[in-house]
Each structure stands twice: as structure tokens, then as C-alpha cells.
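From just these sequences and the hints, can you work out the full model?
Okay, here's what each chain looks like letter by letter:
Protein chains: 2
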Amino acid sequence: MDIVIPIFPYFTALDAIGPYEVLRSLPGATVTFAAATPGIVRTDSRMVGLQADASFAEIEAADILVVPGGWGTRAAMSDEPLLDWVRRIHATTQWTTSVCTGSLVLGAAGLLRGLKATTHWAITDLLETTGATYTAERVVRQGKIITGAGVSAGIDMALTLAAEIAGEDQAKAIQLAIEYDPQPPFDAGSPAKAGPRIQALTGMLKTDPTD
Amino acid sequence: MDIVIPIFPYFTALDAIGPYEVLRSLPGATVTFAAATPGIVRTDSRMVGLQADASFAEIEAADILVVPGGWGTRAAMSDEPLLDWVRRIHATTQWTTSVCTGSLVLGAAGLLRGLKATTHWAITDLLETTGATYTAERVVRQGKIITGAGVSAGIDMALTLAAEIAGEDQAKAIQLAIEYDPQPPFDAGSPAKAGPRIQALTGMLKTDPTD
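Each protein sequence line maps, in turn, to chains A and B. For the record, in the first sequence the residue sitting at position 32 is 32 according to our numbering, with numbers rising by one throughout. For the record, in the second sequence the residue sitting at position 36 is 36 according to our numbering, with numbers rising by one throughout.
Each hint should be verified, as a subset may be incorrect.
Unchecked claim - For each label pair, taking beta carbons as the anchor points, the in silico distance ranges come out as:
(1) Ala91/B x Thr129/A: 52 to 60 Å
(2) Pro38/A x Arg197/B: 35 to 43 Å
(3) Gly28/B x Ala91/A: 42 to 50 Å
(4) Gly28/A x Ala54/B: 34 to 42 Å
Hints were generated in silico from the structure; no laboratory data involved. None of these values were measured; they are calculated from a predicted model. Cβ coordinates follow ideal geometry from the N, Cα and C atoms, glycine included.
Rendered as C-alpha cells:
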């Protein structure tokens with residue numbers, strides 16, 4: 001089970017590491033972080049450097065593709081070599097997935113046209129410019145494409161996928177191994193639950209697709 | 001707000017990245033990953049290489065210390081230079097925290113004697129050899145020391161800490177920014193909820209402290 005996670009400047013660390021931490025425990029799983037050039041790729045905050053062990057050119061196929069989000073997806077949406085690679089890998093994947101604004105990359109590659117998809121709550125309009133129909137669910141499956149909502153949703157997305165691949169018991173064992181028994185101290189994890197005042201505090205405003 | 005996250009061979013990626021993704025959004029926060037030697041440190045799976053931007057020797061103080069877990073904590077428990085550094089940093093922190101088996105490192109440094117603490121469910125006996133009293137809660141606070149349970153609990157721990165530092169509204173805004181509205185597909189995130197059959201499937205057996 002070859003899993004590849006492309007990373008690019010200004011990606012969000014948890015978008016990538018959440019699903020990695022779940023999927024790497026699937027029987028026989030190998031996870032490879034890949035980038036345009038092997039080496040350290042800095043996240044959106046610049047505070048994390050994650051090593052890409054392979055170049056995109058070296059990865060010709062994967063069973064599972066996981067595209068993380070982050071501010072860097074804006075540039076990625078017009079990065080033709082990256083989009084070509086995503087399309088090429090997707091052609092033979094068993095599963096093609098995204099977390100957060102990673103769905104913008106799948107969309108820009110033309111993979112979401114006419115499909116339902118989810119993404120970070122702040123950029124739903126931008127997602128729809130790619131031909132997808134935004135669906136306000138945490139995990140959205142359309143055939144072999146699975147999209148997850150913002151950042152932390154990658155853990156739920158990956159557990160859903162783990163169950164599809166290895167069965168519910170294996171997925172539950174992974175959930176227990178990472179002690180994923182979430183108990184957030186507040187109930188503010190969605191725009192509706194948080195309300196407009198907390199939404200404004202995030203500094204994340206709903207995007208205008210004509211921006 | 002200087003936050004330092006020590007990393008060492010065989011740490012668990014999500015233990016470090018979960019709290020990082022929360023705490024890095026605190027106003028004025030800077031997160032530094034540090035190691036014995038700057039450079040790439042490989043995780044427990046060896047599939048992730050995270051860059052340590054500083055050496056322990058370069059970090060003389062921090063407002064917040066976050067010690068992640070992973071199999072590497074077994075070796076870390078007798079790594080005297082690391083333990084000395086942890087004690088030195090702890091002396092002037094505002095908050096000293098751990099995720100998962102990171103509590104073994106705090107314990108081995110002598111910081112948990114007589115205190116309640118939590119850790120990964122599979123190594124509770126080992127934690128108690130350090131003088132701590134294991135407490136089966138997701139986040140345990142004792143003065144300025146906060147310990148989190150296994151792996152994913154670092155997100156809940158960090159949100160709790162974010163509220164202490166910057167107030168509930170800021171913590172809620174961070175929760176919304178990372179869309180932390182968890183919806184695990186199964187309810188198997190604790191040993192009690194998962195039951196003995198799933199516990200056995202994890203391959204993680206309760207440790208014998210005399211091992």
C-alpha cells in the first residue's frame with residue numbers, strides 16, 4: 001500500500017500529519033512525502049520544515065494520494081507541473097484524497113468537476129470555481145475521491161478510508177493506538193457552532209471567488 | 001511567547017504537530033523544534049523527517065515546553081543531557097507540557113514526582129515508575145505542568161492551554177481555524193470504549209514496569 005503525500009511551500013503541517021499518522025499504520029503501508037525537489041519544505045507558518053524524501057518525478061504511481069491544504073494551495077492551483085503530476089497519479093490510484101484546501105488542488109487539476117466535495121469552511125466559494133459542489137460535511141466520498149474539511153478533518157477522513165481498506169476493526173485499532181477520543185474543551189469547531197464573532201476573530205473571511 | 005518542542009529519534013509526528021498547529025496561532029507565538037543536533041530527525045515510523053532548527057544547547061529558556069512521545073521516549077528516559085536540558089528549561093517556563101509518552105521524559109527528569117499525570121493508555125505502569133500517579137483523563141493539569149493522553153490528545157491539551165494563555169475566545173478561534181469539530185467514524189478511542197479485542201489488535205500491550 002503506497003501512500004504519497006505531496007508537500008509544497010506554505011502547506012499546513014497538520015493537514016499532512018493527521019492522515020499520515022492514521023494511514024501509516026495500515027498493514028503494509030509505506031508513506032512517502034514528495035515535493036518538486038527533495039529536501040525540506042516549509043509550512044504556512046515557516047516554523048516547520050518537513051523533509052520531502054522524493055521528487056514528484058520519482059513517484060510514478062501510488063495506491064493512495066493525500067493532498068494537504070494550506071495557503072500554498074493558491075499558488076499550487078496554477079502550478080501546471082504539480083497539477084499534471086496529480087492527474088497522472090490519480091489515473092491509477094485506488095483512492096485520491098484531500099484535506100482542507102487540498103481540494104483546491106484536486107479541483108484545479110480538473111478532478112472535481114460535477115462532484116460533491118468539502119474543504120475548509122472559509123474557502124467554499126473558491127472551491128466551487130473548480131466545478132465542484134461544496135458540501136458542508138466533514139468527509140465527502142465520491143467514487144474513489146474523498147475530500148476532508150479543514151485541517152483536523154484529515155484524521156476523520158483517514159479513519160474512514162482505513163475502514164474501507166482494511167475493515168472496521170483495523171480502523172478502530174488505529175483509532176485506539178492514537179487514542180483518538182476527542183474531547184475539545186469548547187464546541188467551536190464549525191462556523192455555525194462558533195458564530196460570527198469567533199469567525200471574525202480567526203481573521204479568515206469567506207473568500208470571494210472573483211478575488 | 002516562545003514555544004519549544006524537543007524532538008528525538010523515534011518520536012511520534014502527530015504528538016508534536018497537533019499542539020504545534022494550535023499553539024503557533026497564539027498571538028506573538030514562535031515555535032521552535034529543537035534536537036540534540038540541528039537537522040532532520042526521523043519519527044517512529046521513519047517515514048517522516050522533521051527539521052530541528054535549533055540544538056538544545058542554543059535554547060536556554062522558553063515560555064512553553066511541549067514534549068512529544070513515541071517509542072523514542074524509552075531511550076530518552078536515560079538520556080541525561082536531554083533530561084538536564086528539560087529540567088533547565090522547565091525551571092523558568094510558564095508552562096511545561098507533554099503529549100502521550102512524552103510524560104515519561106518529564107517523569108524521568110524528576111518533574112512528576114507526587115503529581116497526577118496522564119500518558120498513552122498502554123504505558124500507564126511505566127509512567128508510575130517515575131513517581132507520578134496515572135490519572136485516566138485526557139488532559140491533566142498540576143500547577144504549570146499539563147500532560148496529555150495518547151497522540152491525538154495533544155490537540156485537546158493545547159486548546160486547553162491556549163485558553164489559559166489567551167482566553168476562551170482566542171482558543172475558540174484557533175479551534176475554528178483548524179476546523180476541529182471531530183467526527184470520528186467509530187467510538188473506539190479509549191481502551192474501555194474499544195474493548196479487549198481491539199486493544200489486542202493494536203499490538204500495544206500494557207507495559208510491565210519491571211521490563
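### Task
Check each numbered hint against the structure and report the violated ones by number, ascending.
Per hint list: zero violations.
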